[in-house]
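As given, the protein sequences belong to chains A and B, one line each in that order. Numbered according to this note's numbering, the first sequence spans residues 20 to 378. Numbered according to this note's numbering, the second sequence spans residues 20 to 378.
One or more of the hints may lead you astray.
Remember, identical chains collapse to one label, so a pair may be satisfied in a single copy or spanning two.
Derived EDC-like pairs (lysine to aspartate or glutamate); straight-line CA-CA distance at most 16 Å [as the list claims (entries may be wrong)]:
#1 K354 - D203
#2 K337 - E264
#3 K369 - D306
#4 K34 - D125
#5 K171 - E123
#6 K170 - D203
#7 K25 - E258
#8 K170 - E124
#9 K292 - D309
#10 K76 - D306
#11 K66 - E285
#12 K148 - E124
#13 K29 - E258
#14 K167 - D203
Source of the hints: derived by calculation from the structure; they are not laboratory data.
Protein chains: 2
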Amino acid sequence: MGLVRKIIRKITPYKAGKPIDETRRELGLRDIIKLASNENPLGVSPKALKAILKNSKDLNRYPDSYGYYLKKKLSRTFGVSSSNLVLGNGSDELIDVVIKTFVEEDENIITSASTFLEYAIIAGVNSRKVILAALKDFKYDLEGIRRKINKKTKLIFIANPNNPTGTYVNKRELDVFLKSIPKDVVVVLDEAYDTFIDVDDFPESLSYYKTRNVILLKTFSKAYGLAGLRIGFAIANSEFCSCMEKVRQPFNVNALAQAAALASLEDREFLRKTKKAIWAGKQYLYDSLDAIGLTYVPSVANFILVNVEKSGIKVFKKMLTRGVIVRDMQQYGLKDYIRITIGTMAENRKCINALKKVA
Amino acid sequence: MGLVRKIIRKITPYKAGKPIDETRRELGLRDIIKLASNENPLGVSPKALKAILKNSKDLNRYPDSYGYYLKKKLSRTFGVSSSNLVLGNGSDELIDVVIKTFVEEDENIITSASTFLEYAIIAGVNSRKVILAALKDFKYDLEGIRRKINKKTKLIFIANPNNPTGTYVNKRELDVFLKSIPKDVVVVLDEAYDTFIDVDDFPESLSYYKTRNVILLKTFSKAYGLAGLRIGFAIANSEFCSCMEKVRQPFNVNALAQAAALASLEDREFLRKTKKAIWAGKQYLYDSLDAIGLTYVPSVANFILVNVEKSGIKVFKKMLTRGVIVRDMQQYGLKDYIRITIGTMAENRKCINALKKVA
């Protein structure tokens, strides 16, 4: 251990949602549902599946380093140019790329105290200082973040909607915030869950990257149902992108992820079905939680943060024995909470039945 | 640009082998062969293909973060324990992981001046100093590297066999070297091409990691024909591995790469066929180059470094117009050379025919 960097020895690694297969091995259960990682419950888009089969024979070749065809398709879909896009091995990798591209050794990063854990973990691995601002009413406290900005602040991560709370900052709040911060601070808007939005005042984030130091992160892991293939992308001004392209590794995004992502952008029907399922499931879970008498944080994403009024980790473990994997919130500092991913209606019912018996 | 880190602005990014599709778009050619990226010319193992098809439906789920089944299979194959393994998004990613795990801000890294470029590029992105030792007779000069070790040296990268020269350091040389260096230096043996070895005195590298600070890197991108899926792995002592596990991202290796890699380990026939094709192709290329009167560096890998006695970049471009993609060696500081990947016999013939007319 003496040879390992000091900072690495201290890191608490990210704890992933418990996989179905692992639960099966450990508990010997057969029927298990996973509502722990905000995955798409409907599976993979049939068009994406077709693209995977079609492209599998050429896997002896390295993937297209630049992602030519996928970027072309993304350009048309989002109304940006290819030079405004950077592809990543999931948007996780782009967090690392952004930090390496922008944050000098002595500069710092600000984010929320209860948000996607990878911002702080990846910053730590890169020996960068992270300043955390507490949530306010389960929401990103932009005013609190602004107050923490100092001369060494280079980067701010905002998950919008926020994971694990499901809340969002609206257009007006974000506009005010972006105008109030110093011009040499870069803001990352991580919009992993933007497809599930069902409100009118969500920020029109595509309007920011041209005039402000804003980088958008988006992913194919959630609504597009491709978590297993690892692909996400950044949208930013072309100067930022050209530097991020130098920092990412040349073959960071595998060939099937590129092909499947392109095809899934063409499958509007799958996306519609997904939204419909999530929105219906959300209403069912709200109603059921109300009936049980548990409070929760209203969500614009595909998961719900539920106050179980006792140790979330105990509730998680008890639900596990009933074949329902949810997420305990200990790592997020929310000990009395669990996070439930919205599943198919059958999964939602099974989850509520388990929760009734346990909570 | 003012917001981007100084060190990033200066980076010269890795230049990938030119993809077939890009060449088609740019030159309007139909019949193109690629002998530029040391890929397996026989395609993908049929068993791996089957595994990809079987696992595609579950891609809405995140991959197994730990790689349970693949590590089990690798354990049996290489006679190590699962705790001695770390999986990466290609061995490229593991270069980044190793640097982040071991090299403090003020420590340095030594490698060869003409070797796989990613060691120096990734070190640069991480703001780590790299010291280069010249090759000696196209081989890694271990004695030269030893002389460059100073108090701040933490890591040494040795590509064995070396890319792009195809040479290797033998067991005796490596034994002497490992005994001669300080105990607090970590040595990475990158064995991306070890499957193609056809000599008896290659180091038995699996014997080192238990007693010395040695990390092996291996890949599925070459002999196993899975470059497009991105998967490699490290073998090291379990303390090193547990720290590297903290540094890698939780979902760095996609689910199909894990499944395909596992299946390809079971396809001994595909591996035999691959070796047979490479060895036969190598003899054909040696004989043909001798007949043309071009000198080359004898290789134990699946590529040959050829002295074209004029600008390698010009030869590369002329061969391109004849539908043959090879690799110019400008980035490696070998301006009069090209590197030819050994292909199928038909590809080797087409390559030699083009080279005859061009060189």
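Okay, the hints, checked on the actual structure:
no. : hint        : result
1   : K354 - D203 : neither (36 Å within a copy, 42 Å between copies)
2   : K337 - E264 : neither (45 Å within a copy, 29 Å between copies)
3   : K369 - D306 : within (15 Å within a copy, 69 Å between copies)
4   : K34 - D125  : neither (28 Å within a copy, 31 Å between copies)
5   : K171 - E123 : within (9 Å within a copy, 22 Å between copies)
6   : K170 - D203 : within (10 Å within a copy, 38 Å between copies)
7   : K25 - E258  : between (34 Å within a copy, 14 Å between copies)
8   : K170 - E124 : within (14 Å within a copy, 22 Å between copies)
9   : K292 - D309 : neither (26 Å within a copy, 63 Å between copies)
10  : K76 - D306  : neither (48 Å within a copy, 32 Å between copies)
11  : K66 - E285  : within (8 Å within a copy, 30 Å between copies)
12  : K148 - E124 : both (9 Å within a copy, 14 Å between copies)
13  : K29 - E258  : between (35 Å within a copy, 14 Å between copies)
14  : K167 - D203 : within (15 Å within a copy, 40 Å between copies)
In the structure shown, a violation is registered for the earlier hints numbered 1, 2, 4, 9, 10, in ascending order.
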